[in-house]
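Fit chain V to the supplied structure of chain Z, relying on the hints for placement.
Heads up: the protein sequence lines correspond to chains Z and V, in order.
Going by this note's numbering, 309 is the number at position 309 of the first sequence; the sequence numbering is gapless.
Going by this note's numbering, 725 is the number at position 140 of the second sequence; the sequence numbering is gapless.
What the hints contain is simulated information worked out from the structure, not anything from laboratory work.
Mixed in with the good hints there might be a few duds.
Label-pair ranges, simulated between beta-carbon atoms [said to hold, decoys possible]:
hint, chain 1, residue 1, chain 2, residue 2, range
1, Z, 278, V, 802, 45 to 55 Å
2, Z, 354, V, 781, 25 to 35 Å
3, V, 802, Z, 24, 50 to 60 Å
4, Z, 368, V, 668, 50 to 60 Å
5, Z, 496, V, 600, 55 to 65 Å
6, V, 758, Z, 54, 13 to 23 Å
Computed cross-link-like contacts, DMTMM-like style, restricted to lysine to aspartate or glutamate with a CA-CA straight-line distance of at most 20 Å [as the list claims (entries may be wrong)]:
hint, chain 1, residue 1, chain 2, residue 2
7, Z, 30, Z, 51
8, V, 590, V, 636
9, Z, 387, Z, 310
10, Z, 5, V, 659
11, V, 610, Z, 242
12, V, 807, Z, 204
13, V, 610, Z, 241
14, Z, 5, V, 768
15, Z, 95, Z, 152
16, Z, 112, Z, 51
17, V, 792, V, 768
18, V, 713, V, 589
19, V, 807, V, 777
20, Z, 5, V, 777
21, Z, 389, Z, 322
22, V, 720, V, 617
23, V, 610, Z, 250
24, Z, 249, V, 777
25, V, 731, V, 629
26, Z, 249, V, 589
27, V, 610, V, 659
28, Z, 535, Z, 492
29, Z, 530, Z, 474
30, Z, 384, Z, 312
The beta carbon of each residue, even a glycine, is placed where N, CA and C say it ideally should be.
Okay, here's what each chain looks like letter by letter:
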Amino acid sequence: MILQKLCEYYDRIAADPEQSIAAVGFAPQKIGFEVVIESDGSLHALQDIRDTSGRKPANRIIELPYGGKRANAIAPMFLWDKAEYLLGWVPPELKVEPDSESEKDKEKRQKKIDRVGLCFRAAQEFHIGFAEELLMPEYQSLVAFWKNWKPDSLTEEQLQFLADIGTGFGVFRIRKSTNFLHDIPAVQEFWAQSQTVAEDSDTDGFCLVSGSNTTLARLHPVVKGIAGAQSAGASIVSFNDDAFTSYGKEQSFNAPIGESSAFKYATVLNRMLERDSGRRLRIGDTTCVFWADQSTEAEEIEDIFAFGLDNDQFEDETRANEIGAMLSRIAQGEAEPPGAGTGFYVLGLSPNAARLSIRFWISGTAGELIERVAQHQARLEIAKGPKDKTFLPLWLILAQTARESKEIQPLLGGALLRSVLTGGRYPESLLSAIIRRIRAEREIRHPKAAIIKAILNHNHQKEISVMLDIERAEPSYHLGRLFASLERAQEDALPGLNATIKDRYFGAASSTPSSVFPRLIRMSQHHVGKLEAGKKVVAEKRLQEIMGRLDAFPPHLGLADQGLFAIGYYHQRQDFFTKKSKKED
Amino acid sequence: MDIEKNRVSLRIWGEFACFTRPEMKVERVSYDVMTPSAARGVLEAIYWKPEIRWVVRKIHVLQPIRFTNIRRNELGGVGPSDRTLKSYLGGEKTNVLAQVIEDDRQQRAATILQNVEYIIEAHYEVIKGNDPPQKHYEMFKRRASKGQCFQRPYLGCREFVADFEWYEGDPPAADISLAGERDLGFMLHDIDFQNGMTPRFFRATMKGGVIEVPQLYSSEVKA
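This is chain Z alone, in the form it adopts within the complex (with noise of 0.2 Å):
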């Protein structure tokens, strides 16, 4: 389902006329550099072509005529490569000699040197091999170009300007003429003819994701962009050991899909994983693409998902406040959600080498899951201070379960996502990691606190309100209060203490109550009695208003039990502060 999906995707973008996308035959290249020539075919000059309004000059994407995977067999692409195919051009520090060069490191340097001659030699035959073909005069001075070009004819200005160039490769344009070779339409026709017919000769079969009998892949293209994958890119459907294998087939023929349903599942993917396509979300080891049925809300709809999920994402305050407000409003049930009928599709992608796993796939409307990711942001509200986010993004939430990223459960991520978006019960494990953290850090922040309130609420039911409330039935809960308010007491008494009682008696309270309470409120008495009087009168008051509701200090206290004592901790400090900024107003 996962890859007719993306197929049908790419089918869509490809029918629609504002967006394009590259065709059978084509991919997106990294370019930097143009080859002019001169009609005769000589040399005229290399030009950086490189998009300089960034701060650092970035590689333009161009779609160019695709020729495949090269690994390392010399294999020259059609009108564009790197400076070695198209210039025979020798990098520097080949040329060098190092000072102890050993007779073996010699060999090998010579080795690749070598090899360059090699390459250039094959794109010029490559080349000429189309020049019967392609009679066009633009093409024919290329034809001259490969001809005469002599690979040592470089000037010492443009050995340093490829030297300068950095990564991106080169395409050719002949002067005068605005369009690049590969633009012309009869040229990239022929591109697109030529490769239909290549694949005739090689394997025949069912294609499972179109249905149809076609040329079948031997092996696909790599999807790029995966946080954590290798940088070449990794890919979905790949057979590297005979444990893969089965029933006696090779390769990707275990797998039967045609040439072009895996040209089009790793071109959509590919696309959606760029930098700034705006459907793309990472959480934990987990990246995420998202995508809704072509409508005419699709994106609005990926926008309001993306932004319950990761708001840091959007740079633009006054577009991210009215997705906020936009969201609120759903949580509340005040606003239906976009897109009822329109199919929305999240695909959870993580890396294992040179393999990509897929972590989750749901699909399901729009509507459901914004309703969905909107109740889960609802679950989340507590209680804040001014600093803190309305809207917590999912890295977020992960982040509090581990002391750096590295450290986060591998699956956690993907249950978390997964069970957001299909209004499942939260990770079991997610609630006692954070409270492992709260004991080690002895502290709670708005974050924590948010999300043991929403595991709360989800997995056991327990409704808890957004600020204090005193009226709760759980003795866990006051529990927590009491010692917010012993600690608060503390505090008032002995200002400036390095640490007070929340840094020694924090995990011992919130597990044991039995061991430790009794002490506290035997020290307590000292430093009520410290306070000054209208402050004395407050804080006993507090603590009888406190004590009253709880009949004995439990032996000790399960998991659950240790969340609510934190919100109540978290809930009477916040109430601390939210009466003392009513009094300031």
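What follows is chain V alone, placed relative to chain Z:
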């Protein structure tokens, strides 16, 4: 031969299941529901004779479709083939023949199904032998009712064992989340062992939790 008399139903359930999609068989992703070949495997695990051939007709899905992830260590290589073994059996090679997991370990992730329950409706065709066809029905019924099996039936992968029971009467209603019609895409029907082990696929649709399985060689099933 009256096929209607050869009809059996079997209820199976298990904690986990993975009916691997061929396109993602390395980093395994399960189909949403059981495939016909997996159902056949379950039936054969309980009762198999060269005289009969099982034909899966319908698969009822009783539990909502839920996925989860696991990651496991597995072996990257395969055991020796008959051809390699020959030189050992003939005594030409005598060095140690072994696979060592430490040298060839692969970590693979899998997206698998959780808490599954199905009813398989199937019949058998007698392909040879002179026994009364009803004999197989009785034997299967007796074995399934007593929980007997040749090897433990499993749900797609050997490690996800299946519990089973003989089932009679109308299948219970499916979970409400399965109501309506759902296109499951192209699904593996079975491997055609007679024709060079060609996989055959069919377009699976689930209507109210029931998947109708076409005959292996019908026009709906493509190779």
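Are there hints from earlier that the structure breaks, and if so, what are their numbers?
Those not satisfied are hints 3, 6, 10, 16, 20, 22, 26 and 29.
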